[in-house]
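Per this note's numbering, the very first residue in the sequence shown carries number 501; after that it's consecutive.
Quick caveat, the hints were computed from the structure, so don't treat them as lab data. Among the hints, erroneous ones may be present.
To be verified - Here are the simulated lysine to aspartate or glutamate pairs, EDC-like style, with alpha carbons at most 20 Å apart: (1) K648 with D628; (2) K614 with E551; (3) K689 with D549; (4) K636 with E609; (5) K665 with D584; (6) K533 with E694; (7) K665 with D653; (8) K716 with D658; (9) K633 with E598; (10) K505 with E530; (11) K689 with D707; (12) K612 with D653; (13) K633 with D658; (14) K505 with E606; (15) K716 with E694; (16) K505 with D584; (17) K633 with D610; (18) K614 with D584; (19) K505 with D610; (20) K612 with E551; (21) K633 with E609.
Everything numeric in this text was worked out from a predicted model, so none of it was measured.
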Amino acid sequence: MAPLKIGVMNESCQLSDITCLDLLGNCSTEYIKAATEFGYDYLLPSAVDMEFLYISSSTDPAMMTLNLKCMPTHTYDNAPRDLDILLVGGPLLSHRPEASLRFIKEVCEDTKEKVVMSTCIGGLWIADAGVLKGLKATTNRGAITIAKQLHPDVDWVDQRWVVSKSGHLHFWTSGGAGAGIDMVATYVKEHFPEAIAMAAWDALDFDPAARGQFYKGSLSEWLSSAGE
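Can you make the complete structure from the sequences, with help from the hints?
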């Protein structure tokens, strides 16, 4: 079976936007093989071959926050479109390379069934590509108001994460980066064998049941407490 092909758009994003990748990577054959010395060899039959592609404007190191540089494997122009999963982080609204929007659109136009995920304001990056029209989605809670203004044709929902389906596309969009981690943990729980999913969480001392998909208070209450 071909490796699970996972594309990552992290250019100009916060590091926390993509830390959720570890929950996927901890289910990979590469990781489980490396962890056999800690007694994880029993998970090898359940491990999944994965290929991570880091996609940016050029092959120069891509800047992230905290002066972190990530070495891209592909550009928006030459990256494969037949991905299994595309994870989109959340750069500021001013960062919208035209090639990135074209890439997102072409990934979605490719007929292979796939998952498109976003964390933080990555939902707005996806929306800017025009592929969320008529669908439920979410973004960082502090950006929902502006998201509704910029893209009134998207059904923006005040939840920690939202799952929507459109034909061969499965959209998993989250609020802030912490909600994104919980979202990916839920995806792993639903799409990987239970034993390896639990091991992925345990390796990070992570409890996916601690929070849930819904916020405790309303958006208006949250905005009021934030001083807006």
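Pair hint K716 and D658, alpha-carbon separation not exceeding 20 Å: Measuring from Cα to Cα gives roughly 11 Å; hence the hint holds.
Proposed proximity, D653 with K665 (alpha carbon, max 20 Å): 16 Å, holds
Does E530 sit within 20 Å of K505, going by the straight-line distance between their CA atoms? Within the cut-off at roughly 14 Å; holds.
Checking one constraint from the list: CA of K633 to CA of E598, max 20 Å. Satisfied? 19 Å, holds
Take the C-alpha atoms of K689 and D549, compute the straight-line distance between them, and say whether it is at most 20 Å. 17 Å, holds
Just to be careful, I want the Cα atoms of K716 and E694 compared with a cutoff of 20 Å; is the pair within it? 28 Å, violated
Given the hinted pair K665 and D584, is their alpha-carbon gap at most 20 Å? The given pair, whose Cα atoms are some 15 Å apart, holds under the 20 Å limit.
Taking only the CA atoms, is the gap from K636 to E609 under or equal to 20 Å? Holds, because 19 Å separates the two Cα atoms, which is no more than 20 Å.
Would the pair K505 and E606 pass a check requiring their Cα atoms to be no farther apart than 20 Å? It holds: about 16 Å lies between the C-alpha atoms, which stays within 20 Å.
K689 paired with D707 [C-alpha distance capped at 20 Å]: 12 Å, holds
Within a Cα-Cα threshold of 20 Å, do K505 and D610 meet the stated pairing? With a Cα-Cα distance of about 14 Å, the restraint between K505 and D610 holds, given a limit of 20 Å.
Given the hint that K648 pairs with D628, test it: the Cα-Cα distance must not exceed 20 Å. This hinted pair holds, its Cα atoms lying about 12 Å apart.
Going through the hint list in order, the structure does not satisfy hints 12 and 15.
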